[in-house]
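Trainee: For this one, chain U is given, so just place chain L on it according to the hints.
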Amino acid sequence: MTVLRALWHKPTGIFGMVVLLGLVLASVVSWMWTPFDPTATDPDHAWLLPFANGHLLGTDRLGHDQFSQLLAGSRETLLTAILAMLIAGVVGILLALAATVTPRWIGATVVQLIDILIAFPVLLLAMILAAVYGGSTTTAVVAIGIGFGVNVARVARGEINAVRGTDYVLAAQACGASTGRIVRRHLLPNIAPTLIVQLSLTMALAVLAEAALTYLGYGTSPNTPSWGGMLAEQQAYLAARPLLVIWPGLAVVVTVLGLNLLGDALREATDPRLRDVS
Amino acid sequence: MTLLEITDLTVRIGGKTVVDGVSFALEAGERLGMIGESGSGKSLTALAAIGLLPEEATVTGSVRLHGRELLGLPDRALAKIRGEQLAMVFQEPMTALNPLMRIGKQLAEPLRLHRGLSRGAARARAIELADKVGLPDPDRIVRAFPHQLSGGQRQRVGIAIALACEPAVLIADEPTTALDVTVQAEILALLRDLVDEQGASLLFITHDLAVLSSVVSGLVVLADGKLVERTDIAALAHGRHDPHTAELLRAARAAAFPTPGDPDAGS
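Each protein sequence line maps, in turn, to chains U and L.
Take 0 as the starting number for the first sequence in numbering that gives the first Met the number 0 and just add one per residue.
Take 0 as the starting number for the second sequence in numbering that gives the first Met the number 0 and just add one per residue.
The shape of chain L in the complex, shown without the other chains:
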């Protein structure tokens, strides 16, 4: 069953077309990766899907969730869907939490908004959520402020907030880019396990091919705002892919294993 269907999505900002006719579908329970170099329109596609593009952007095409058109919905209706059916994890855990609000309050926010939980019930649930995403000492950490947490812990909070209402679709926009390599692996495992446990679909955005294979099966490749290929990890491993994808792969290998003779080495 198709959960999220994006058809001919085009985004223009200031006369420039930054996303150009992108179409793909996300099936129920699927974990789909979206790769592309910086500026290829990955993040903008995600923001368009959740309806949070900057005001000056114009969007055409269609974004359907459970068959319901999201583009053009009034903000009030979109707010009911965001966090409840469609949620998002952001790239920068350092800035994605309000520095003045205690962790528990931020964890409880989507529950208070969508489930109408009382203060006390939301607080109890926040402690459960903190425990679920593997935060140490949940009773204490819900009273902490963001600056008292490490980057990895903050990203766990971000994931817990996004998954609090058990959304059908989770969009993760480079959730591990800002983290240490060792922490990256933990966060990826957590994300995969929780998405599986809740039976949610995942759209995982990254420019880092190395992290993809452990999380996703399917893959869409973006370049210059256009979708160049929809493939899967297995096909990638067997060398069947579009020239753009080959280019990304080659760059990734060059960065991982620089060799003196390679003109791309270290770039």
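For reference, chain U alone in the conformation it holds in the complex:
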């Protein structure tokens, strides 16, 4: 709770929270209501400018209402961000534990594996998975989750090693605590702040990666409204109707920026060395 209060006292924290809340709100609202059907085509009202005929952000060449599409697209964005973050968290923690609390030869092997996987671009991993299993939101989420999970693993591994060297872990061992108990009661709780920061940054990266993958045609199917899909659809008419590209582009930029700043603010709020003396 003190962390939340600290967030509200930082402009970056407020911005990040507002963006996250806005994204959640847009997703929930779009579930129940959008001004127009986001997937309905309406040739009679194509190429409308903003505010014409009640279309807040105008329509594209098929008459799709852009505001409704943005709202509906936020669902894909939020879903990817949350699921990819969860997968990255699980992958990251499991890999980090495998690299630290196991016998030394297993740990050394896992560390090598993490290093190799980190060298592997996330987008490339997603494209390979898409080539094998077909492009879909699921493929993108899994690829993004695993891809950024190894980065989480590297950070978590360092943190776990630091905690493992502390006296209270030694004291717990001297009390007769098993490795599993030490992981649950000492290691995981004490790396949680770092992990939360890392995962909020992962959410920002996941939003960007999902938009990029969908834009390239490896992510969400074109029939489902999504920001990356909108960008891919409208970019052909960039010279004639620049606004149509700007709306989804702006949505991605603001979301990524907000989640990044939220991660930064969280880090400052949880790191006592950076906390303002008040």
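In short, the hints are calculated from the structure, not lab data.
Bear in mind the structure is a predicted one, so any value in this text is a computation, not a measurement.
The beta-carbon is built from N, C-alpha and C at its ideal position, and this holds for glycine as well.
It cannot be assumed that every hint is accurate.
[As the list claims (entries may be wrong)] Here chain U is said to cover these stretches of chain L; the calculated rule only asks that three of the stretch's residues, wherever they fall, bring their Cβ under 8 Å from a Cβ of chain U:
| id | segment |
| --- | --- |
| 1 | 7-21 |
| 2 | 79-85 |
| 3 | 91-98 |
| 4 | 106-117 |
Mentor: Relative to chain U, chain L alone:
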């Protein structure tokens, strides 16, 4: 009766021999001091005895508790012994407690592990333990977090955790080094009284000769990883000792009473 018997204990870390053929025995009910300068292998001997040396260390020799060999026991079997028959108090009370766990939970940990106490029973016992080691307002303090306690109070918690299951042997690794001189005396008295009350044996590690005489009777002296002498406080007082011990004594006196003419003064 010999409780803890260490024979020819040798520890190597990275090709360097840090404990070299140390042998001594701890009798039932005995309070034995272990002194030596920094880096003489005191702490490593203690960690080897409880099986908590860093992974890269190689250990040879023998550590027997109640005649049972501990070296080479699988971790699972060692975990059953640690905290139950063989417990340890650490040097730094500031870092020896988990900052995120309430004091009561940490006090109850060995009881939950070894006695299988329920949450409620362990909680009641934790309050008793806090009271026993002289913590003020035990009902309140078991709900506190470590940062809300002073160094001396935290070391009391450390002692309570170590003695919770009434172990046969307690190893105290410089438990007062990090504390104020006035608090030191209280902690030493508490440690001595509780060990006596429970009939446990104590292995007390320090580099500070001044604190030894109030706690222990017997004494082993380590230098460069080797055991140089097993003696007792009385012999020390009468000036019968090994040159290494004499050196430690002289340094201790020089530090306590610096004189202008003494080349060791203040060093």
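Trainee: Run every hint past the structure and note whether it holds.
Mentor: Consistency of the hints with the structure:
| no. | hint | result |
| --- | --- | --- |
| 1 | 7-21 | violated (count 0) |
| 2 | 79-85 | holds (count 5) |
| 3 | 91-98 | holds (count 6) |
| 4 | 106-117 | holds (count 4) |
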